[in-house]
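K.L.:
Read off the chains here:
Protein chains: 4
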Amino acid sequence: MKNTFGQSIAVTLFGESHGPAVGVVIDGLAPGIPVDINVIEQNLLRRRPSSVIDTPRREKDDFKILSGVFNGFTTGTPICITIPNENTKSSDYHYGVARPSHADYSAFCKYHGYEDYRGGGHFSGRITAGLVAAGGILIPALEKIGVTIGTHILKCGIAEGRAFNNVEEDIAFLKKNEFPILDNSDFAKKVISQINTAREQNDSIGGITQTAVCGLAPGLGEPWFDSMESMISHAVFSLGGVKGIEFGLGFSFAASKGSECNDPFRVIDGKVVCETNNNGGINGGITNGMPILFQCAIKPTPSISQEQKSVNFCTSENVDISISGRHDPAIIRRICPVIDSVTAIVICDMLAQRYGTDVMLKGVLPCNMD
Amino acid sequence: MKNTFGQSIAVTLFGESHGPAVGVVIDGLAPGIPVDINVIEQNLLRRRPSSVIDTPRREKDDFKILSGVFNGFTTGTPICITIPNENTKSSDYHYGVARPSHADYSAFCKYHGYEDYRGGGHFSGRITAGLVAAGGILIPALEKIGVTIGTHILKCGIAEGRAFNNVEEDIAFLKKNEFPILDNSDFAKKVISQINTAREQNDSIGGITQTAVCGLAPGLGEPWFDSMESMISHAVFSLGGVKGIEFGLGFSFAASKGSECNDPFRVIDGKVVCETNNNGGINGGITNGMPILFQCAIKPTPSISQEQKSVNFCTSENVDISISGRHDPAIIRRICPVIDSVTAIVICDMLAQRYGTDVMLKGVLPCNMD
Amino acid sequence: MKNTFGQSIAVTLFGESHGPAVGVVIDGLAPGIPVDINVIEQNLLRRRPSSVIDTPRREKDDFKILSGVFNGFTTGTPICITIPNENTKSSDYHYGVARPSHADYSAFCKYHGYEDYRGGGHFSGRITAGLVAAGGILIPALEKIGVTIGTHILKCGIAEGRAFNNVEEDIAFLKKNEFPILDNSDFAKKVISQINTAREQNDSIGGITQTAVCGLAPGLGEPWFDSMESMISHAVFSLGGVKGIEFGLGFSFAASKGSECNDPFRVIDGKVVCETNNNGGINGGITNGMPILFQCAIKPTPSISQEQKSVNFCTSENVDISISGRHDPAIIRRICPVIDSVTAIVICDMLAQRYGTDVMLKGVLPCNMD
Amino acid sequence: MKNTFGQSIAVTLFGESHGPAVGVVIDGLAPGIPVDINVIEQNLLRRRPSSVIDTPRREKDDFKILSGVFNGFTTGTPICITIPNENTKSSDYHYGVARPSHADYSAFCKYHGYEDYRGGGHFSGRITAGLVAAGGILIPALEKIGVTIGTHILKCGIAEGRAFNNVEEDIAFLKKNEFPILDNSDFAKKVISQINTAREQNDSIGGITQTAVCGLAPGLGEPWFDSMESMISHAVFSLGGVKGIEFGLGFSFAASKGSECNDPFRVIDGKVVCETNNNGGINGGITNGMPILFQCAIKPTPSISQEQKSVNFCTSENVDISISGRHDPAIIRRICPVIDSVTAIVICDMLAQRYGTDVMLKGVLPCNMD
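Chains as they are written, first to last, in this note's numbering: chain F, 3 to 372; chain V, 3 to 372; chain U, 3 to 372; chain L, 3 to 372.
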């Protein structure tokens with residue numbers, strides 16, 4: 003349903019880049035979940051442009067909780083968080099000229115010219131601040147029942163890092179570091195180099211993220227149509243820069259044989275596990291107890307200051323466009339906490355649907371066999 | 003919502019592989035849409051195992067329309083179609099032994115042992131017959147308003163065919179041929195060779211499909227959360243064999259620069275088009291008037307007769323398993339009409355949400371600017 | 003969403019009065035719920051025309067369970083039940099002449115003439131057989147966790163019975179009797195007399211039902227918008243004959259004062275109860291632990307054989323109509339098990355949303371404070 | 003889905019009585035609908051306590067539109083409106099003592115004591131300000147396509163006004179008057195007298211409202227489960243004071259005969275109409291072109307300053323309570339614009355589902371037969 007996602011736990015986004023505020027309503031959370039504004043602030047900080055590689059637009063994310071939190075805990079009623087917009091420079095944008103690979107033209111077709119086009123309006127990455135604020139409540143709540151989520155940069159341009167290996171440790175490492183990569187290797191430098199080179203060339207660069215979810219019991223997801231893959235992909239494809247998603251081996255399954263990539267089951271310490279995790283923790287749409295693993299393809303930021311061919315859709319004329327505003331040459335770093343947050347929304351919703359709204363309060367995740 | 007998908011036009015699946023019947027309820031279709039049982043039959047035929055490369059299980063798909071069709075037209079009320087199961091051989095399956103990469107174990111965890119395990123039960127590919135029957139009504143209805151859908155085998159093992167090029171012609175070609183490849187080239191032979199080799203080795207093989215949707219006006223889809231990519235991926239990931247999806251360049255965006263992969267807009271004959279279609283017809287989650295293009299990664303059929311390591315989850319013991327039943331060494335051919343059908347469900351639903359339930363009756367697709 | 007109702011537990015209806023079959027898909031039920039075909043048969047029997055006061059149309063309700071039940075238990079996947087239509091006499095109906103107070107004309111406006119008009123089509127009371135079949139699974143499942151539901155005739159024409167008093171005993175009495183009244187008094191005779199008089203006058207007669215739900219813990223329902231009253235009324239107003247619903251005192255609140263009708267709380271045996279139940283067990287949309295009580299206004303069956311003024315909506319001419327088919331002079335008896343069943347659907351769905359899908363398996367209803 | 007209502011056009015409420023703000027998110031509205039802040043202000047004014055008969059709590063409703071409106075028109079993206087809370091006196095409330103007929107105890111059971119209890123929290127009538135703000139956009143939008151809505155006081159205590167007669171004129175009369183009654187008769191005085199008498203007795207009084215919707219084409223609504231009655235009742239029962247709803251004759255059908263209350267169809271000026279409107283404009287759940295008519299039973303305000311028996315649910319002790327805060331002795335006047343607004347939400351949503359999201363922009367309501 004449009005700007006609302008989730009069934010038991012539902013998140014509604016609102017706001018435009020250059021309007022008074024962006025925000026989020028989170029509904030369906032159990033009462034009694036701790037809400038720590040410092041954690042929300044930290045989660046927003048991870049998304050915020052801050053380092054040398056991001057857009058010069060700086061925002062404080064001075065969020066307000068309007069409802070649903072009382073004495074530091076969720077009340078069980080909808081939580082509305084607003085984040086005022088500041089530091090907007092609307093004059094950078096000229097309506098009618100479609101920025102290639104941006105939503106300007108498709109938005110015009112959908113909204114008939116009534117869209118708030120300033121700064122990308124409702125399509126701006128700015129809107130993801132609401133998702134990340136929601137993540138600032140949901141991610142710690144999941145951690146309390148033993149579920150952890152982490153996203154890192156797997157590739158950026160031609161720079162390539164390692165994949166998740168020891169997933170729990172890797173996620174713990176990610177939590178402690180601002181830059182979302184798995185090791186203190188020179189991969190960070192290579193990523194920054196790729197991005198800075200793109201910037202110097204007035205260009206932008208894409209990448210691939212990898213996300214893991216640990217600690218989920220087997221048995222979560224539906225065969226038709228709400229498979230775990232369906233729900234995660236539904237949520238993740240909300241993000242404008244995501245153009246592909248694969249679980250486990252994903253596209254590498256294509257040239258594989260069953261004998262090579264089927265995940266053998268074994269009983270270890272009385273528990274059923276897989277020796278490999280080529281299926282990314284999901285069989286037949288349902289978690290199998292292994293970590294969920296998925297990769298997202300992120301396209302290069304469409305806004306580049308090189309001259310590009312385009313059209314003015316108001317006048318139906320061909321034009322050239324050179325985008326002069328403040329832009330990220332890559333969103334691969336900033337999208338990581340956003341993917342964490344939308345994944346947390348999906349997991350919380352599916353847990354609540356399966357085990358009831360109080361599932362987050364139970365101290366431990368219910369075992370499927372209880 | 004579990005086994006129902008879609009909002010304005012909703013499809014509910016039911017059935018188990020070895021129960022009395024599988025089937026589908028299609029709700030929300032406008033009254034007055036022609037229903038041609040021959041077309042449904044043909045669509046089912048495309049999914050059916052029939053050629054040398056498929057499972058020896060043969061089924062007539064002797065479907066019955068129980069409701070919602072009167073005098074050859076939809077009535078506007080729910081259409082229930084049942085497809086009786088025949089030719090089932092339940093003795094091939096032994097409960098408790100998890101077939102690797104299958105849903106046996108995750109289903110056991112979800113359903114506590116009450117699942118109808120025979121023949122994969124509700125997880126069986128057999129259930130997709132309901133989707134394809136729905137496609138047999140929806141695909142012709144879309145064609146009447148100028149929207150066409152086609153899916154072909156892009157890769158199978160190491161055999162690789164060409165991508166969509168002239169999309170409309172390519173789709174027309176696919177309609178006329180039983181084997182879903184784009185040309186009368188020797189690619190078909192290579193695909194069959196890959197599959198037969200896998201069979202001879204008691205193994206299975208994966209692949210990649212590509213799907214196109216032509217004729218959609220720009221402006222369809224939502225920025226959050228029901229982007230066109232979100233809805234298509236949600237639907238497609240219901241299919242057990244799908245482990246990845248990408249739109250346009252997809253994962254190839256990762257190493258691309260904005261200057262290389264942004265799609266330049268041009269006005270041609272007074273109409274806004276893109277010179278390239280790297281975004282697969284979707285900007286910011288919303289169609290831009292270019293054909294929608296996406297690729298799906300299909301994993302090798304999990305069932306292979308080679309011996310595999312596994313467990314008996316009833317006894318918590320390690321076991322070896324060699325799957326002796328009748329199985330497809332690859333589902334890449336049979337999944338193509340299924341992807342066509344789920345794509346049709348998504349497109350019909352999004353059109354109906356946007357333009358009202360009667361959109362399919364209007365002769366032409368409404369222009370977004372009307 | 004149209005012909006589907008419920009979120010965690012969803013029921014989809016299909017079928018037309020004179021088509022091959024009517025039926026229901028029940029999705030979201032936990033695995034392991036016993037399914038007793040005799041109980042389904044008994045529930046259908048309560049709805050079936052059988053006594054002297056009903057329509058002469060006789061139907062065996064020879065239902066089939068196509069899916070979702072295995073070895074006598076729910077599997078957790080969708081249950082499809084079909085009920086073939088028999089003994090149809092289509093010639094009684096003439097298309098174009100609107101039966102007053104029936105849906106003929108409004109259906110024509112909605113379905114543009116494509117509707118299956120025979121026997122009322124999808125508007126026929128026949129469709130409620132699917133609801134009652136669902137009730138045959140859900141009602142016993144609720145009883146296992148201590149929740150009981152009962153509906154009786156409170157008024158029929160000018161005959162008036164007593165209201166629920168000792169609710170648990172009253173429901174137990176209703177279970178044991180075919181005719182849904184609270185006592186072995188002469189009220190049954192009065193009801194039958196009212197109905198037979200109407201029949202003799204070629205007329206029909208309305209009535210009021212009263213329903214109680216016992217055994218629900220306090221805390222079920224939502225303040226906005228899914229209050230317990232909202233959900234029950236939503237479900238009950240699906241039934242064509244229902245034109246009003248009130249909870250507790252309902253319309254009698256209008257002339258009351260707060261001091262007279264507020265329900266005083268008291269602690270009895272350590273448990274919070276109300277001394278009166280004027281609010282029908284619901285405060286602020288949420289159950290308070292007292293029995294839910296509601297009354298439904300049932301209009302007289304529209305089909306009467308007296309001559310009535312009407313129109314032929316195909317020719318836009320005024321006509322007179324005298325309806326000669328087989329019809330109930332009152333549906334007040336037959337609607338009672340239907341209201342029980344839709345109430346059970348609502349309660350099961352709200353329990354599953356609140357406590358998880360396995361709530362029905364827990365032996366006892368979870369206490370809200372657990 | 004809890005605090006969100008509607009499918010194509012969805013309204014999400016948030017806020018607590020004594021939190022920073024209450025508010026609403028309205029999603030799914032077409033772009034290009036005029037938004038007049040004066041009209042929103044006027045609609046809020048109708049709900050506000052202002053006359054001698056209401057609570058002394060005075061609030062300015064100084065609302066802010068945070069998103070979704072640009073240059074005076076809807077953008078097509080979610081509209082968030084916040085209304086700051088002012089003039090709160092939290093000290094009037096003591097947690098643990100259940101006010102009889104209020105939600106205090108049921109909320110405690112649902113929210114385990116984490117609820118923001120101050121001023122009724124999320125259960126406060128204050129939350130309806132968000133609904134009325136939404137109405138301030140939706141009602142004028144409906145008027146532009148010829149659909150008008152009006153609600154008046156039919157009964158208050160023993161004072162009884164007349165019902166709708168010439169519906170269009172009556173609605174026009176209501177628009178022009180602040181006090182929601184149908185005539186400049188002495189009925190207003192009787193209502194005020196009833197309310198003032200209740201106040202003097204430290205008591206409260208109930209009533210009945212009547213609502214009409216004019217200008218809807220026939221064919222709107224669903225047979226199962228989303229009948230027009232279902233959707234309106236679902237929305238209206240969100241309002242805490244509503245304990246009953248009936249359409250047309252409603253509970254008066256009970257003692258009626260079909261020959262007396264069936265609505266005869268006639269062709270007048272080439273148009274099909276009913277001679278009477280006992281069914282309240284709805285047949286089989288679908289509009290028949292006559293005005294929709296329904297009555298709501300409103301219970302007396304639970305808060306009275308007379309001493310009442312109750313419990314402290316924290317200590318499980320019996321207590322006496324005398325509620326000393328500022329309260330309306332009757333909400334019958336203030337609930338009228340709220341019912342108008344929730345009815346507008348339902349109608350807009352059902353129109354958008356049927357005719358597409360742009361239906362509000364078409365100048366005239368689409369005729370069902372187009």
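Errors might be hidden in some of the hints.
[What the hints assert, rightly or not] Pairs of lysine-lysine residues, derived as DSS-like cross-links and limited to a Cα-Cα distance of at most 27 Å, are as follows:
| id | chain 1 | residue 1 | chain 2 | residue 2 |
| --- | --- | --- | --- | --- |
| 1 | V | K192 | V | K178 |
| 2 | U | K311 | L | K364 |
| 3 | L | K364 | V | K146 |
| 4 | U | K273 | L | K311 |
| 5 | U | K273 | F | K146 |
| 6 | V | K178 | F | K273 |
Since the hints were derived computationally from the structure, they do not count as laboratory data.
In this text, all values refer to a predicted model and were calculated from it rather than measured experimentally.
K.L.:
Looking back at the numbered hints, which does the structure fail to meet, lowest number first?
P.N.:
As far as the earlier hints go, 2, 5 and 6 are violated by this structure, in ascending order.
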